[in-house]
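A.B. asks: Got two chains here, each in a separate frame; can you build the complex from them with the hints?
Chains as they are written, first to last, in the working numbering: chain A, 77 to 196; chain B, 7 to 123.
Honestly, I wouldn't trust all of these hints.
As the list claims (entries may be wrong) - Only pairs whose alpha carbons sit at most 27 Å apart, straight line, appear in this in silico BS3-like list of lysine-lysine:
| id | chain 1 | residue 1 | chain 2 | residue 2 |
| --- | --- | --- | --- | --- |
| 1 | A | Lys188 | B | Lys63 |
| 2 | B | Lys63 | B | Lys21 |
| 3 | B | Lys63 | B | Lys23 |
| 4 | A | Lys188 | A | Lys149 |
| 5 | A | Lys188 | A | Lys146 |
| 6 | A | Lys188 | B | Lys17 |
What the hints assert, rightly or not - Footprint (simulated), chain B over chain A, 3 or more residues, beta carbon under 8 Å:
| id | segment |
| --- | --- |
| 7 | 112-120 |
| 8 | 183-194 |
In case anyone wonders, no lab produced these hints; they're calculated from the structure.
Here a beta-carbon is modelled for each residue, glycine too, at the ideal position from N, C-alpha and C.
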Amino acid sequence: AQTVTQSQPEMSVQEAETVTLSCTYDTSESDYYLFWYKQPPSRQMILVIRQEAYKQQNATENRFSVNFQKAAKSFSLKISDSQLGDAAMYFCAYRSSFTYSGGGADGLTFGKGTHLIIQP
Amino acid sequence: GAGVSQSPSNKVTEKGKDVELRCDPISGHTALYWYRQSLGQGLEFLIYFQGNSAPDKSGLPSDRFSAERTGGSVSTLTIQRTQQEDSAVYLCASSLTGLAGGTDTQYFGPGTRLTVL
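For reference, chain B alone in the conformation it holds in the complex (with noise of 0.2 Å):
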């Protein structure tokens, strides 16, 4: 079956611009996960859902990222007035569960490599 897809692949952006970043989880999968990949910080956890509720948002960086998930499928991660240190790949991932346990497995999709200018 179909993995996690996410668009676009890559975005180009100016500082200051909004971006919106989509994921696609695997069908049938209740919890979504967004991650930040960069030099300087490796790969960071920014926010779960289990459905489409948020327990907890203290993962994204600042209050310019916010995330929704409608649906109980597709999620848009957007960062508004971008700079240049949001400049990442942004990872999403998804599982069957988000109890721990068997279910829970992580299964991610490509990226979107983002670049702020």
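Okay, chain A solo, but in the shape it has when bound (with noise of 0.2 Å):
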């Protein structure tokens, strides 16, 4: 069974600084995808970035970037020009990229989160 681990629980930034929240991820499979949620205190997950395993290009989102290291297993978000709005409960989460194969496959693993703080 895949594991994602966030090892920062709560993580603080000034506005208009960056930020760079980490995960790590344990997997046999080679290919797969990975994602970050945002869930603000609404509990509405938003998703803001996706990665396919396959890709070697790191994927951008205007000021969300991931570092992907795919032989480290490691996942990281970088978010930059920090805004009061991007605080929230931050999730990494992986995909399996077998479908219809039971076992959980089917659904998103998470991490248990990192808290966002933005300090004005």
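C.D. replies: Okay, here's the thing in structure tokens:
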């Protein structure tokens, strides 16, 4: 079974600064998908960014970018120019490339989350 | 367009009662997922539907939990004889397809917070 580890329960950053959230995972698969989701107090999980394991290029979405190190099984999220609206729980998630295979492979495996605080 | 909706937003029930949680996926999405989010266990995957069928129910915590999906759309998660450890936020997500690839991105609803007294 795959596991996802987020070692930082809480991070704090000044507004307009850059922050990096770390995530490591354990898998025996060679093809898979990785995600970062944001969960504000409203509880709604919002997709921030997605990375396919077969792609060497790191994904970027505006102020959000990832550092994907496949050999190290590391998938960190960098938020540039932090804004007050970025304050939320951030979850790293893994999805197997297999489908309809059962054993939980069809769902996302989440880390425990990192609580990001933005200081004005 | 409309996102994933869930009802009720909050549910308080007494131990031993049955509860039904509802999920309305994004129109046209064939895949639907249920997750549970609790302080102790974090986010757990419960069950996945492709159309109306669930290939694997092994993620359901106990036989008191069941889920169904009808018409390839609305899904209900039923918890019978609720226990205090069932207290959690139950999240539903849908994706265009269940196939790994660009169409499998999961979009989440706001969740139902269940409190069992």
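A.B. asks: Against this structure, judge whether each hint is valid.
C.D. replies: We went through each hint and held it up to the structure:
1. Distance hint between lysine 188 of chain A and lysine 63 of chain B is fulfilled; the C-alpha atoms sit about 23 Å from each other, no more than 27 Å.
2. A threshold of 27 Å between alpha carbons decides the hint, and for lysine 63 of chain B with lysine 21 of chain B the separation of about 24 Å falls inside it, so the pair holds.
3. A C-alpha spacing of about 22 Å is found between lysine 63 of chain B and lysine 23 of chain B, which places the hinted pair at or below 27 Å, so the restraint holds.
4. Between lysine 188 of chain A and lysine 149 of chain A the alpha-carbon distance is near 17 Å, which keeps this suggested pair within the 27 Å criterion.
5. The straight-line distance between the Cα atoms of lysine 188 of chain A and lysine 146 of chain A is roughly 21 Å, inside the 27 Å bound, and the hint therefore holds.
6. Note on lysine 188 of chain A and lysine 17 of chain B: the hinted pairing holds, with a Cα-Cα distance of about 24 Å set against a maximum of 27 Å.
7. For the segment 112-120 of chain A, the proposed coverage by chain B is satisfied: 4 residues have a C-beta within less than 8 Å of a C-beta in that chain, meeting the threshold of three.
8. With 7 residues bearing a CB less than 8 Å from a CB of chain B, the segment 183-194 of chain A meets the requirement of three and the coverage assertion stands.
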